[in-house]
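Novice: Okay, here's what each chain looks like letter by letter:
2 protein chains.
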Amino acid sequence: MAHNTAVNAVTDAPAITRALAEFVAQHPSRGWSDAVEHEAHRTFLNWFGCAVGAARHEAVEAALAAVQMLQPAPQAQLLGRAERVDMASAALLNGIASHTFDFDDTHLRTIIHPAGPVASAALALAEHCGASGRQLMDALVLGVDVSCRIGNAVYPEHYDRGWHITGSTGMLGAAAACARLLGLDVQQSTMALGIAASQPVGLREQFGTMTKPLHPGAAARAGLMAALMARHGYTASARALEAPRGLLQVFSTKVDWAQATVNLGQQFEISANTYKPFACGIVIHPAIDAATQLRARGVRPEQVERIELKVHSLVLELTGKKEPADGLAAKFSVYHGCAAGLVFGQAGEAEFADAIVTRPDLVALRRQVVASVDPSIDEAAVDMTAVLHDGRREHVHVEHAIGSLQRPMRDTDLEAKFHGLADPVLGTERSTSLIAALWGVAGAADLRALMANAASAAAAH
Amino acid sequence: MAHNTAVNAVTDAPAITRALAEFVAQHPSRGWSDAVEHEAHRTFLNWFGCAVGAARHEAVEAALAAVQMLQPAPQAQLLGRAERVDMASAALLNGIASHTFDFDDTHLRTIIHPAGPVASAALALAEHCGASGRQLMDALVLGVDVSCRIGNAVYPEHYDRGWHITGSTGMLGAAAACARLLGLDVQQSTMALGIAASQPVGLREQFGTMTKPLHPGAAARAGLMAALMARHGYTASARALEAPRGLLQVFSTKVDWAQATVNLGQQFEISANTYKPFACGIVIHPAIDAATQLRARGVRPEQVERIELKVHSLVLELTGKKEPADGLAAKFSVYHGCAAGLVFGQAGEAEFADAIVTRPDLVALRRQVVASVDPSIDEAAVDMTAVLHDGRREHVHVEHAIGSLQRPMRDTDLEAKFHGLADPVLGTERSTSLIAALWGVAGAADLRALMANAASAAAAH
Numbered sequence: 000m001a002h003n004t005a006v007n008a009v010t011d012a013p014a015i016t017r018a019l020a021e022f023v024a025q026h027p028s029r030g031w032s033d034a035v036e037h038e039a040h041r042t043f044l045n046w047f048g049c050a051v052g053a054a055r056h057e058a059v060e061a062a063l064a065a066v067q068m069l070q071p072a073p074q075a076q077l078l079g080r081a082e083r084v085d086m087a088s089a090a091l092l093n094g095i096a097s098h099t100f101d102f103d104d105t106h107l108r109t110i111i112h113p114a115g116p117v118a119s120a121a122l123a124l125a126e127h128c129g130a131s132g133r134q135l136m137d138a139l140v141l142g143v144d145v146s147c148r149i150g151n152a153v154y155p156e157h158y159d160r161g162w163h164i165t166g167s168t169g170m171l172g173a174a175a176a177c178a179r180l181l182g183l184d185v186q187q188s189t190m191a192l193g194i195a196a197s198q199p200v201g202l203r204e205q206f207g208t209m210t211k212p213l214h215p216g217a218a219a220r221a222g223l224m225a226a227l228m229a230r231h232g233y234t235a236s237a238r239a240l241e242a243p244r245g246l247l248q249v250f251s252t253k254v255d256w257a258q259a260t261v262n263l264g265q266q267f268e269i270s271a272n273t274y275k276p277f278a279c280g281i282v283i284h285p286a287i288d289a290a291t292q293l294r295a296r297g298v299r300p301e302q303v304e305r306i307e308l309k310v311h312s313l314v315l316e317l318t319g320k321k322e323p324a325d326g327l328a329a330k331f332s333v334y335h336g337c338a339a340g341l342v343f344g345q346a347g348e349a350e351f352a353d354a355i356v357t358r359p360d361l362v363a364l365r366r367q368v369v370a371s372v373d374p375s376i377d378e379a380a381v382d383m384t385a386v387l388h389d390g391r392r393e394h395v396h397v398e399h400a401i402g403s404l405q406r407p408m409r410d411t412d413l414e415a416k417f418h419g420l421a422d423p424v425l426g427t428e429r430s431t432s433l434i435a436a437l438w439g440v441a442g443a444a445d446l447r448a449l450m451a452n453a454a455s456a457a458a459a460h
Numbered sequence: 000m001a002h003n004t005a006v007n008a009v010t011d012a013p014a015i016t017r018a019l020a021e022f023v024a025q026h027p028s029r030g031w032s033d034a035v036e037h038e039a040h041r042t043f044l045n046w047f048g049c050a051v052g053a054a055r056h057e058a059v060e061a062a063l064a065a066v067q068m069l070q071p072a073p074q075a076q077l078l079g080r081a082e083r084v085d086m087a088s089a090a091l092l093n094g095i096a097s098h099t100f101d102f103d104d105t106h107l108r109t110i111i112h113p114a115g116p117v118a119s120a121a122l123a124l125a126e127h128c129g130a131s132g133r134q135l136m137d138a139l140v141l142g143v144d145v146s147c148r149i150g151n152a153v154y155p156e157h158y159d160r161g162w163h164i165t166g167s168t169g170m171l172g173a174a175a176a177c178a179r180l181l182g183l184d185v186q187q188s189t190m191a192l193g194i195a196a197s198q199p200v201g202l203r204e205q206f207g208t209m210t211k212p213l214h215p216g217a218a219a220r221a222g223l224m225a226a227l228m229a230r231h232g233y234t235a236s237a238r239a240l241e242a243p244r245g246l247l248q249v250f251s252t253k254v255d256w257a258q259a260t261v262n263l264g265q266q267f268e269i270s271a272n273t274y275k276p277f278a279c280g281i282v283i284h285p286a287i288d289a290a291t292q293l294r295a296r297g298v299r300p301e302q303v304e305r306i307e308l309k310v311h312s313l314v315l316e317l318t319g320k321k322e323p324a325d326g327l328a329a330k331f332s333v334y335h336g337c338a339a340g341l342v343f344g345q346a347g348e349a350e351f352a353d354a355i356v357t358r359p360d361l362v363a364l365r366r367q368v369v370a371s372v373d374p375s376i377d378e379a380a381v382d383m384t385a386v387l388h389d390g391r392r393e394h395v396h397v398e399h400a401i402g403s404l405q406r407p408m409r410d411t412d413l414e415a416k417f418h419g420l421a422d423p424v425l426g427t428e429r430s431t432s433l434i435a436a437l438w439g440v441a442g443a444a445d446l447r448a449l450m451a452n453a454a455s456a457a458a459a460h
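Protein sequences, first through last, are from chains Y and C.
If you're matching positions, the first sequence starts at 0 in numbering that gives the first Met the number 0 and goes up one per residue.
If you're matching positions, the second sequence starts at 0 in numbering that gives the first Met the number 0 and goes up one per residue.
Check each hint, because a few of them may be wrong.
Pairs involving identical chains hold if they fit within one copy or between any two copies, as the list cannot separate such chains.
[Said to hold, decoys possible] In silico SDA-like links for lysine to any residue, alpha-carbon gap of 25 Å or less:
{"no.": "1", "residue 1": "K309", "residue 2": "I110"}
{"no.": "2", "residue 1": "K320", "residue 2": "S403"}
{"no.": "3", "residue 1": "K321", "residue 2": "A363"}
{"no.": "4", "residue 1": "K320", "residue 2": "S270"}
{"no.": "5", "residue 1": "K320", "residue 2": "R238"}
{"no.": "6", "residue 1": "K253", "residue 2": "E156"}
{"no.": "7", "residue 1": "K253", "residue 2": "P359"}
{"no.": "8", "residue 1": "K320", "residue 2": "P13"}
{"no.": "9", "residue 1": "K253", "residue 2": "P155"}
Keep in mind the hints are simulated off the structure, nothing from the lab.
Chain Y on its own, in the form it takes in the complex (with noise of 0.2 Å):
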């Protein structure tokens, strides 16, 4: 009957559900670099073509059903369709949207994907409040600094354990950008904080199944919901986040607790996020990345003998699927990667629809990939070599992919992503002007204008 605190929990843990309240609260608007506020916009708009570009994925079509049994008054807009429903409904549907095609955002150093949970919240609470641009912008970079600084402090062990840290930190940045929305101080904004820890998403095994984007999308609806419920004086625990029981330590079982706070208000953490330019999980882009330099050096497929490639061990746990049998499973499939880099020079959706994973050339030219462990070889970097039939050897390594912090996107390179994602669903123009609405949404007194752009017509259905 004796229920002691887990093993090894500290007790003296530093008060930082308190601070970061405090830095929510309190923090000027756009108290930031130019550098941090042009980030921001590019993690916005990159967040927002995924979401669109999903919108009529079969996950989202789902989840909305789903939704609609609650009979939801039409308080914020879905981005891509014509419906609109509750705030708390369209955070957890635009949320589950962006990251469904596994083609979102990634603060590398955790792995967390944090517009997902962070955006996707903030958007609805500040369209149906008549919020300004300016302040969904200053609630997306607080909001994801609260996430990714929780990541940083768990991060591996936390991971490593089983957790989907996108979702499972993603409920406090959630809270954290939509109490700042609200306008709650310091106090309030705590108890945002705490009614959220208690509510963490998902869990590693869920990779590959409709339940891997529930997880932002279930953290962006819970920390809305918390912030809704600290403002109407609803309590919870100051110390949440780091007393003995409280979610760090009972989650993880390393905390470096300092980097809850260091720096805080000082660096911003969405100044580390990067973009993908492939529609799958990251640790494949280096091989892809690989492969499409092939090609531009004009390795043809049928040149193909094999192709060898050393990678991290982590790819090939995470992404070892020979013979995907879907565009689903392809997404955990270096294998696929590799055949599809090569045969397209890209690997956007629609390099991993079911058709094309199925074809005969791609399933022939991912057989000829060998995959190996080289411990030499870093998590961001590949080498590959083709053997050509002629006996040629064609190498290529990668230290690091198109994507990082290293060799990021540029910015005409998001706005090809976004027409890649957007235009089959609402049209070049649209998708035009909506990348011209997103590059100047701080400066937008509401975001009604921006979202009924970003509404699918219905008609289109």
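Place chain C on chain Y using the hints.
Specialist: Relative to the frame of chain Y, chain C by itself:
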């Protein structure tokens, strides 16, 4: 940077997700003994009274104010209130209310309060979808079985780690109950459990705040939504519970897999459910019980010179507060418990009101209680002797308090408890009629009459 499966993770765990889904989808309606069926009614009645009793508590008010910001559709009734909200929000709010007084049911082996998540989700869905009382009770029995079996598999490690096990297993029971109500097949039920598995709720750090009762409420909502999503084709891992990165190995360091399915369909965990007779921590219950027995024998407070109380050391350690200043403090005072038991013959929420705790006769009486630790007294027991002014000594020994598995509350005790909770909210007449309806709920064609009875007239506010 290695991302290995958690240390000691088991890769060959039995397929419990699917086994439990088969059970939930296929077990015959009322496929259990009369004793199990009756215990299910006791569980439901007790849960219902707790939810009605706390209907106007500030935690419910705050959560409802947040939910109202979503402009919910009036699909399901809030117990003891005038408002109707969408069924997911009703699951949340009734779940919060039912656990607010810490007066609900306890599955003693795991300290799970099983009805909170399961009944809250099932009733909201059943009401809106026009399910019969029989369908509701089937869902309750099966849902409670799923939660408590998962609890049996991970208790006590999981609880020791800091999880509030009611909410962190409750979303599975809620999903199971709702899957059953929706008539999901085995595959869909597997998905419902899988979707729910990503959403455990609850930290023990929140004890003493409104977020403690949020845990069963949020678990109820998560489970209900998981079942709705599964119904519409949303997918999850079919091994979400048992995989190396599935829920059980992620949130507990030790798992006894056999517990999940041993005697499945033959032994029902709801049989081991218990109900609190007194609105306070379980360690004071034997002392209160003894005092009520003295009162039943005719001992009056004004006759008492002193009360000699022999207890287990844990009683004074946890509840040794001699001069509690208010109702909350009195819940940690065995002295107040004895006085209330002798004066009122009961110790419901009303006997812990601030005005009662500070009433001069109660203050005087509790000062006459002399408590001492006796190593021969078990934690579940107490030895009490009232020394009267005329020199007589009245002795009571309680080996197991009323409300324990050994001395369960009688049906009439549960009815009296229901009245104590519901009369102040709905009036005695309405409570009496509700009690009759609850004993007969399995025969109801639908739940409309029951829920109309549970609604407080708007004018009463």
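Novice: Give a verdict on every hint.
Specialist: Hints and how they fare:
{"no.": "1", "hint": "K309 with I110", "verdict": "within (22 Å within a copy, 51 Å between copies)"}
{"no.": "2", "hint": "K320 with S403", "verdict": "within (24 Å within a copy, 53 Å between copies)"}
{"no.": "3", "hint": "K321 with A363", "verdict": "within (11 Å within a copy, 78 Å between copies)"}
{"no.": "4", "hint": "K320 with S270", "verdict": "neither (33 Å within a copy, 46 Å between copies)"}
{"no.": "5", "hint": "K320 with R238", "verdict": "between (42 Å within a copy, 18 Å between copies)"}
{"no.": "6", "hint": "K253 with E156", "verdict": "both (6 Å within a copy, 18 Å between copies)"}
{"no.": "7", "hint": "K253 with P359", "verdict": "neither (47 Å within a copy, 46 Å between copies)"}
{"no.": "8", "hint": "K320 with P13", "verdict": "between (43 Å within a copy, 23 Å between copies)"}
{"no.": "9", "hint": "K253 with P155", "verdict": "both (9 Å within a copy, 21 Å between copies)"}
In this structure, the earlier hints numbered 4 and 7 are contradicted, and the remaining ones agree with it.
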